[in-house]
Every structure is written in C-alpha cells, then in structure tokens.
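Please model the complete structure; the sequences and the hints are all you need to start from.
Quick mapping for you: the protein sequence lines, in order, are chains A and B. If you count the first sequence from 1, position 213 lands on 213 in the working numbering, and the numbers rise without skipping. If you count the second sequence from 1, position 214 lands on 214 in the working numbering, and the numbers rise without skipping.
It is possible that part of the hints are untrue.
Cut-off 30 Å, straight-line C-alpha distance, at most; resulting in silico cross-link-like pairs (DSSO-like, lysine-lysine) [said to hold, decoys possible]: (1) B/Lys16 - A/Lys89; (2) B/Lys227 - A/Lys89; (3) A/Lys104 - B/Lys227; (4) A/Lys5 - B/Lys193; (5) A/Lys104 - B/Lys202; (6) A/Lys84 - B/Lys171; (7) B/Lys227 - A/Lys11; (8) A/Lys147 - A/Lys133; (9) A/Lys93 - A/Lys104.
If you're looking for bench data, these hints aren't it; they were derived computationally from the structure.
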Amino acid sequence: MNLPKIHSISKKILVGALGAFLSFFLLFHASANLLILRHDGGEWYNAFCHFMGTYIIVKVMEIGLLAALLLHVVLAIWLAVTNKMARPKGYHKPQRSKTHTGSKLQVWTGILIFACLIMHFTDFYFVKIGLVKGKYLVKTEDIVALKVTQPDAFNYAEQQCEYSAKENWLTNFDKEDKAVLEAAGLEVEPDFYHQAREKFKILHIVIAYLVFFTVVWFHLRHGFAAVFQTFGLYNYKYGKAIEVLGQIYTWVVCLMFAVVVIGVYFGL
Amino acid sequence: MKFTLHIWRQENARAKGHFETYPLEGISPECSFLEMLDILNEQLINDRIAHPVCFDNDCREGICGMCGLYINGRPHGNDDGITTCQLHMRKFHDGDDIWIEPWRAKPFPVIRDLVVDRSAFDKIIQAGGYISTTTGGVPDANTIPIPKHKADMAMDAASCIGCGACVAACKNASAMLFVGAKVSHLALLPQGKIEAADRVHKMVCKMDELGFGSCTNTYACEAECPKLIKRQNISRLNRQWIGALFGRDRK
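What follows is the structure, encoded as structure tokens:
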C-alpha cells in the first residue's frame, strides 16, 4: 500500500499546528480546573461541565480535539519512523553534540503522555461517555418535579443525597443511583467536581498526576518554541522572546494543573 | 602523545565494515587530526600492516568542506566551529581512545573506510540552488541597493561549505540546515527572490526524494556546523516553504 505523499516540512507543519491547538486547549483546561478549588459544592465547575457537555459547538469541537490528538500522535510517529529510516546504520559512539534534550525526548514524552491520558480518561472522560462508573448529578428542579409524579424516585433521591431545594444541582450520585434516576426519566450528568475531589484525595493518584504534568512540562517546553520554528516565525529578532514566552506558558499551564491536584489533596 | 585509534574499516560500499584498533605513539600535540591519520597511514604502509585508511580531505584549512569524520560522538571532533582538518591533537588527552566513524546517513553511502558519497548535496543544489537569469556583465556593486543586515545574513548563509556535518549530527540525518542555508543565501538577495518559491519547492522535494530525515528541532546541526550557521536559516526555509505552498501558482 502506498502512503499518501506529504512532504517532510508539511508533515512537521501539520504536527506543529495540531500541537499548538492542543497546547491552547491545555491552557483552557487548566484554567477551568481552578474552579474545582472553589468550595461551592461544585456549582460553578459542574455548570461549566454542563455547558461543555451540552453546547453543540463545544461538542463538535470535542470531536475535533480528539481527532487532533490522534492525528498529532499518528503524524509524529510517522515522522519518527521515516526519520529512523534516514539512518539505517547508527553510530557506535553515542552522540555528544550540545543539543536540546527536550527534542530528543519529544517522541518518548509524547508516548508517555498518551499512556497517562488513558489513566486520565478512565478517571473522567470515560465516566462522561458511560464506559466506567463515577459520580453523577441531576438538576434540582427535575427532582422537585418528581415529587408529585414519582414520589418513590423523589424519596430515593432525597435519601441518597443531602437535598436542598436552594441549590441548582443535586450531586454526588453513584452509578446505582444513576440507574434508578434514569429509570425515573431524569437526565443524569457526570459530577466531575466530586469525582475530582474524591480522586485527588488518594496519594498514589496525586503522585501519578504530578508525574503526568511533569511529562507534559517536558513535552510543552520543547514543543512551544519548536512550533514557532516550524512555522518559520523564529528569527534573530524574536528568537529569545519566543523561548522565554514558551517557558512562561509551560510553567503556567503545568502549575495550574498541579495546584488543583495538590490543593485538593491538602484540603484547599 | 599516544592514542588508541578505533577506526571504521570497510572495503567498499557493499562490504560489511568493522572497527579496527591501531595504537599510535609519538604524536605531537600541535599535529592536526588529519596529519595524525597521515602518520598512521605511513606506518600502515611501511610496516605492511594493512591498506591505508581512506578519508576525504583537500584544502586542510577549513574552506573546502571535504574532510568530515565523526570523532568520539561528534562530527569534526571535540571543538566548536571547526572542520576535522582544523582539529588538533592537543584537544585530546594523552592515552585517549579515539573512535573514528564515517558520516552515517542513508543518502551518504560509505564508499570506503571513512569516505562517504556526498553527491546527494550536489543533487539538491542541481534541483534548484541557483539563479537562472542571465546576469550579463558584472554590475557596479551599488547598482542594486541591498540593506546591510540582509547582505550580512546572506553572506553568513553562503558560508556553508557543504561538509555534511549537519546531517551527520542530526539524530534524523536531516539536511535542513544545509538546504536552509542554500535557500537563504539566495532568497535574501533581490536577484534570488524571483525564483524563491520554485527553488524551495524543488530543493525540498529533492531532499525528501534522496531519503534525508526531517527536522525535529534538536539543533545538533547548529551546534556542529563548522561555519556556525544558525537555525534561523531552517526557520526561513520553513517560512519559504509555506509561502511556496500557496505562492507557487502553476497550472
């Protein structure tokens, strides 16, 4: 089978463009995660998740994001394989040239990030699409509506959760509760606030996520400036500024992710 | 000074190569690396030990780009901004083991021992690294005004001697610094701008066709270039390529 002909630089530009898109998403994701640190029972964070899970444009973008992620990985591996073929016989002595270690590790950190994403998806995204069980929530007004039509289901919901008619959401359901409420005709959504707060109380999960963010730091630190280079925007005038901006962006994104995980663990 | 040399020996392009070890004594610290290999070859010939070690060389003053050896894990050896012929034995310690290998890249097949066929670079230049307009007689220097900084950048790029250290150093055996330099030194000047889009397209296509890897921004090429050519030339190549994708309007 003949693979489609894409020139090496075009392939790099595609990988870079997809990487830039994913990097912007990371900043957006990390910013939204800060809402988990609010002690509001998940009102803001779950409202944000509700918007993300229901708004049609966001749903289309979600498919685009997953496609971008997969394409980024596939193209990067394709590049790595063709690059390997360009030197069929390697050197006996390991290379001692002064180079950016980040770029040498880029494929490996990428593969590690992909492995960590499986953990992350199992903890959160797969709950949303129903592959694994987690915490769920329903709208309070829907519960109130059950009081007349289905009192059994209303009583069940009232017993299972701390019910307050003043709150917009009734949260912290398990999968069994979800089945009962869905049978009563309610629209049940994942409760990512409680899900995150429960997960990040467990030490080994916190450590695993901090390792994940460290790998992301390595990948992003090289990737940011590399995107500018690949797009032909790295020049004598702005080269240093691009590198500094890359460092700032990388640290800000990774610290925002880390502060939520560490904060929840220490009860913030 | 005395050294133990581990040199890649390979009868011809099809033969299976191997490392051969040669002890060497009485080398002056002021001796250049290629002179040291000359002394070794004299011994190999006089003592009828083996065929002399084949290696490329010509000007021996860092201009021609013919010499190119991968020495102890670095193209052109353990110093910055020099070719192999400018490397001196004082850069080593007495008693050192020195591993000498040929450039390794699919488009640079080994011809014999440490000599590789670098005609792939010529093919890239033939594909588009030229100006095809008839220039006529030599014009006065200031007939076409060129900003000083552009002339300087073009001159820096034009200092590439095509030694292939960038390909040898790159973990992907990429020729992007070479092509970047060759594209830049023409594209930066008014005479070269006219064919810039076609040039970059032809040269990159040829580079891919010959089997060079692609750039992953490791910048080993920049670190090992004997003429200190900068990565900004690769960035310019990328910029020119993007421009050529849209600007190269042909039926």
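Here is what the structure says about each hint:
1. B/Lys16 - A/Lys89: holds (11 Å)
2. B/Lys227 - A/Lys89: The hint holds at about 27 Å.
3. A/Lys104 - B/Lys227: With Cα atoms ~24 Å apart, A/Lys104 and B/Lys227 stay inside 30 Å; holds.
4. A/Lys5 - B/Lys193: Holds, at roughly 27 Å.
5. A/Lys104 - B/Lys202: Holds. A/Lys104 to B/Lys202 sits at ~29 Å (cutoff 30 Å).
6. A/Lys84 - B/Lys171: holds (8 Å)
7. B/Lys227 - A/Lys11: OK: B/Lys227 and A/Lys11 at ~29 Å, within 30 Å.
8. A/Lys147 - A/Lys133: holds (27 Å)
9. A/Lys93 - A/Lys104: holds (17 Å)
The earlier numbered hints are all upheld by this structure, with none contradicted.
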